[in-house]
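**Q** Chain B: place on chain A using the hints.
There are 2 protein chains.
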Amino acid sequence: MSANFACPIPIDEYPYVLLAHGGGGRLTHALIEKMFAPTFGDDGPERRHDGASLTIGGARLAFTTDSYIVDPLFFPGGNIGSLAVTGTVNDLAMCGARPLYLSVGMIVEEGLPMDTLWRVTREMKLAADAANVTIVTGDTKVVDRGKGDGLFVNTAGIGVRETGADISPSAVRPGDVVLLSGDIGRHGMAIMAVREGLEFETTIESDCAPLADVVLALLNAGIDVHCLRDLTRGGLSSALVEIAESADVHIGVREAGIPVLEDVRGACEILGLDPMYVANEGRFIAFVRHDDAAAALDIMSRHSVGGSPARIGEVTDRHRGLVTVVGQIGAERVLDMLSGEQLPRIC
Amino acid sequence: MSANFACPIPIDEYPYVLLAHGGGGRLTHALIEKMFAPTFGDDGPERRHDGASLTIGGARLAFTTDSYIVDPLFFPGGNIGSLAVTGTVNDLAMCGARPLYLSVGMIVEEGLPMDTLWRVTREMKLAADAANVTIVTGDTKVVDRGKGDGLFVNTAGIGVRETGADISPSAVRPGDVVLLSGDIGRHGMAIMAVREGLEFETTIESDCAPLADVVLALLNAGIDVHCLRDLTRGGLSSALVEIAESADVHIGVREAGIPVLEDVRGACEILGLDPMYVANEGRFIAFVRHDDAAAALDIMSRHSVGGSPARIGEVTDRHRGLVTVVGQIGAERVLDMLSGEQLPRIC
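Residue numbers (our numbering), protein chains in the order written: chain A, 1 to 347; chain B, 1 to 347.
Be aware that a few hints might be false.
[Stated by the list, open to error] Below, computed lysine to aspartate or glutamate pairings styled on DMTMM-like, alpha-carbon distance capped at 20 Å:
1) B/Lys-34 with B/Glu-205
2) A/Lys-34 with A/Asp-336
3) A/Lys-34 with A/Asp-12
4) A/Lys-34 with A/Glu-13
5) B/Lys-34 with B/Glu-245
6) A/Lys-34 with B/Glu-110
7) B/Lys-34 with B/Glu-13
8) A/Lys-34 with A/Asp-248
9) A/Lys-34 with B/Asp-115
10) A/Lys-34 with B/Glu-33
11) B/Lys-34 with A/Glu-110
12) B/Lys-34 with B/Asp-336
13) B/Lys-34 with B/Asp-12
14) B/Lys-34 with A/Asp-248
15) B/Lys-34 with A/Asp-12
16) A/Lys-34 with A/Glu-245
These aren't lab readings, by the way, just hints derived from the structure by calculation.
Okay, chain A solo, but in the shape it has when bound:
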C-alpha cells in the first residue's frame, strides 16, 4: 500500500463522486489508476484488463466481477438479469477463459414487486444456460425504500484458461490488426430509446450476447490473439484508447469500416451522441497478428452473434498512446476516451 495517506483524487477538483466516475471513461480510469490500483497493489498495465488471471494449484483461472445498475430493468433485447450474466461471461471470455461458474449478489429495494425479482431470476438462469455457465452461490440484501432503485445485481465469475495464450494489452504489437465483431451502439441506444420514448421504424434491440464461443473458437484454431476487449461503458472509443495507452502503441481506425445500424445512427443523431462512445454488450475487438487477420475474421463471421465482423484498423508505432480515426470524409482526428457521462445507468 502506498505510504501516501491523502486521497489520491485531488479533492479540490473532485470533492464528490460524480456519475461520470462510473461511466467507463476518463474519470473511471482516474479512479482505477490513482485510487484502486495503487492501493490494492495492481500497478501494471494488467490493471486495465477485464479480469484477473490467477493460477491456483496448477489450474489457470480467470476471475472477474461487475455490478449492474441498468435503468430500466427490462429493455428491448435484454434485462438486468441477462446483462449481469452475459457481462461477466464476456469479461471472462476477454481473458481468453472458458466461463464456468458465477456468483450472484442482489441488492433489492424494499417494495420491489416479488414478480419482478422472479422474472429477473428466471432470466439469469436462461442466460446462464445459453452461456454454459452455472450460478453456484449468491446473496440477497434488501435496502429500505428510497435507498436503492428497484434492483442492483452483482455477478462475479470464474473461468478456466485452457490455452497458453497471453491475452492482455501488453501483448499488443505494432503490425497487429484490429477486428470488430459486429455493428456498434445497439445496447446503449436500445436503453436510451426506451428512456426517452423514441420510436423508430423497428425497435432497436440490445446486442447483449455471450461471446465465449467465438473467442474460444479463435483460440482453439490457433489464432495468435494478442488482446481482446468487450465494448461496454465508454464504447469502442474508450476501449481503443485504453489499449493504446496501456500498450503504448498507436491504433489507427477507419470510421467507414465500422458498422452502425441505420436506426442506431438515427437515434444517435437525435440525441446528439456519437456511436463510437455508446455502450455495447455483445461486441468485442480482437488484436491479432497481421498474418492471422483473414482467418480470424472468417472464424468470427462463422460464430457471429448477430453482427457482421469487420477489420477496422491497425496498430502502429506512429503516435504512441494515441488512437486516430480517419473520418467518413477522409480527415484524421484523435479519439479520446469518453469524458463526462453520456448515458448514465446503461449497464
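**A** Using the frame of chain A, we list chain B on its own:
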C-alpha cells in the same frame, strides 16, 4: 429449471419484497429455497452453505459472494470496507478453504464525498492484508443521487480447500458437539448503539475479524470438523436452526453457556432484542466429533480473535429439524430462525 413459470413466492402473501427478505431469517430462506435454489439448480442441503465447493482442473476451490449495505458506513470496530473483506474471507473459511483472492464491486451514490470512498478503499486494503488475501479485480458503478445510499460494496472470493475435509450441514451427526468461538451480539449492537445514539460505560465495538486462521488450525490439526457456520445476519439462532433443518438433526444448546458481554446484554435489553438473534461478524460455530471437542476448544482458544470459545451444545436425534435451548432458569424452549427484520442494514 423448473417447468413452473409462476412466481414461487406466493404473490398474495408477499406481493412485494420486504426488508425481512434480506434479514437472514425465515423470509430470506424462503427466497433461497423457493426461488433461487430451484431455479439455479442447487437443490440439495448444500444450498444452505456459505459458499460453493468447486473442482477446476484438479484444484479444489471454494467460491462465495456477499453484498454489504451497512448503515452507517463507519462504526466502532469496523466499516463497510473491513466488513466486506472480512465477511467474504469468513464465508470461504466456513467452507474449510484458505481464502486467496477477492473481487470488489462498488455501487456508489452520486455525491459521496471522494474522501469517504478513499477511506473505505484503504480500509479494504488493510483488512485484506490482515486476512492474507489479495484484491485482484473490481468494478465501480455510480447511481444518481437518491437512488442509492452512499456506498454499497460487493465482494466475491476464491479460496483453496487444502484438506480433504467435507464440511457441510449434511455432515452433521448426532453425537457432534457444538462449539462457539466467542461472545455474541457485538457487531449488531455496535451498529445499533451508533444509530440509536445509545451510550454505555464502554463503547461496544464490532467483533468483525477474519476467521480463516483458526479454522485452518482446526483442520490442520486433524480435528474432524463436520460443519462450520459464521454467525452473521440472523445471529446464532438462525445459524443453528438452518443447520438443524438441513441436517435433519436436533441441536440442544444451553443459554447459560453462551457468552454475552455485559454492555451488549444491556443494549439488547434497552432495545428489546435477544442476543441470540443479533448479527456477529467474527464469530462462528463448529460442529465436531465428540472425541475431538476438547482438542478443538483448545485450538480455538489459542487462535481466539477476541472472545472466549465455549462448548454450547450437542447434536442428538431427539427432535429432528429442531433446535432447543435450556434457558437461564432451566426451562427448555424451541428456537426459531429470525422472523421479520430486527436490525435492518446491519451488514
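**Q** All hints are to be evaluated individually against the structure, with a verdict given for each.
**A** Results of checking the hints against the structure:
1. Taking the CA atoms of B/Lys-34 and B/Glu-205, the gap is about 36 Å. The hint is violated against a cut of 20 Å.
2. A hinted pair counts as satisfied when its Cα atoms are at most 20 Å apart, and A/Lys-34 with A/Asp-336 qualifies at roughly 19 Å.
3. Taken as a hint, the A/Lys-34 and A/Asp-12 pair is honoured in the structure, with Cα atoms around 15 Å apart against an allowance of 20 Å.
4. Straight-line distance between C-alpha atoms of A/Lys-34 and A/Glu-13 comes to about 14 Å, which keeps the hinted pair within the 20 Å bound.
5. Taking the CA atoms of B/Lys-34 and B/Glu-245, the gap is about 15 Å. The hint holds against a cut of 20 Å.
6. The suggested pairing of A/Lys-34 with B/Glu-110 holds, with an alpha-carbon distance near 19 Å, which does not exceed 20 Å.
7. Proposed proximity of B/Lys-34 and B/Glu-13 is supported: the alpha carbons are some 14 Å apart, at most 20 Å.
8. About 19 Å separates the Cα atoms of A/Lys-34 and A/Asp-248, which keeps this hinted pair within 20 Å; it holds.
9. For the suggested pair A/Lys-34 and B/Asp-115, the alpha carbons sit about 13 Å apart, so the restraint of at most 20 Å is met.
10. The hinted pair formed by A/Lys-34 and B/Glu-33 fails the criterion: a straight-line CA distance of about 43 Å is larger than 20 Å.
11. With a CA separation close to 19 Å, the supplied pair B/Lys-34 and A/Glu-110 stays within the 20 Å bound.
12. Using a Cα cut-off of 20 Å, the hinted pair B/Lys-34 and B/Asp-336 holds, with the two alpha carbons roughly 19 Å apart.
13. Proximity of B/Lys-34 to B/Asp-12 is assessed by CA-CA distance (about 15 Å); at most 20 Å being required, the pair is judged to hold.
14. Using a Cα cut-off of 20 Å, the hinted pair B/Lys-34 and A/Asp-248 is violated, with the two alpha carbons roughly 52 Å apart.
15. For the hint pairing B/Lys-34 with A/Asp-12, the CA-to-CA distance comes to about 50 Å; that exceeds 20 Å, so the pair is violated.
16. For the hint pairing A/Lys-34 with A/Glu-245, the CA-to-CA distance comes to about 15 Å; that is within 20 Å, so the pair holds.
Of the numbered hints given earlier, the model fails hints 1, 10, 14, 15; all others are met.
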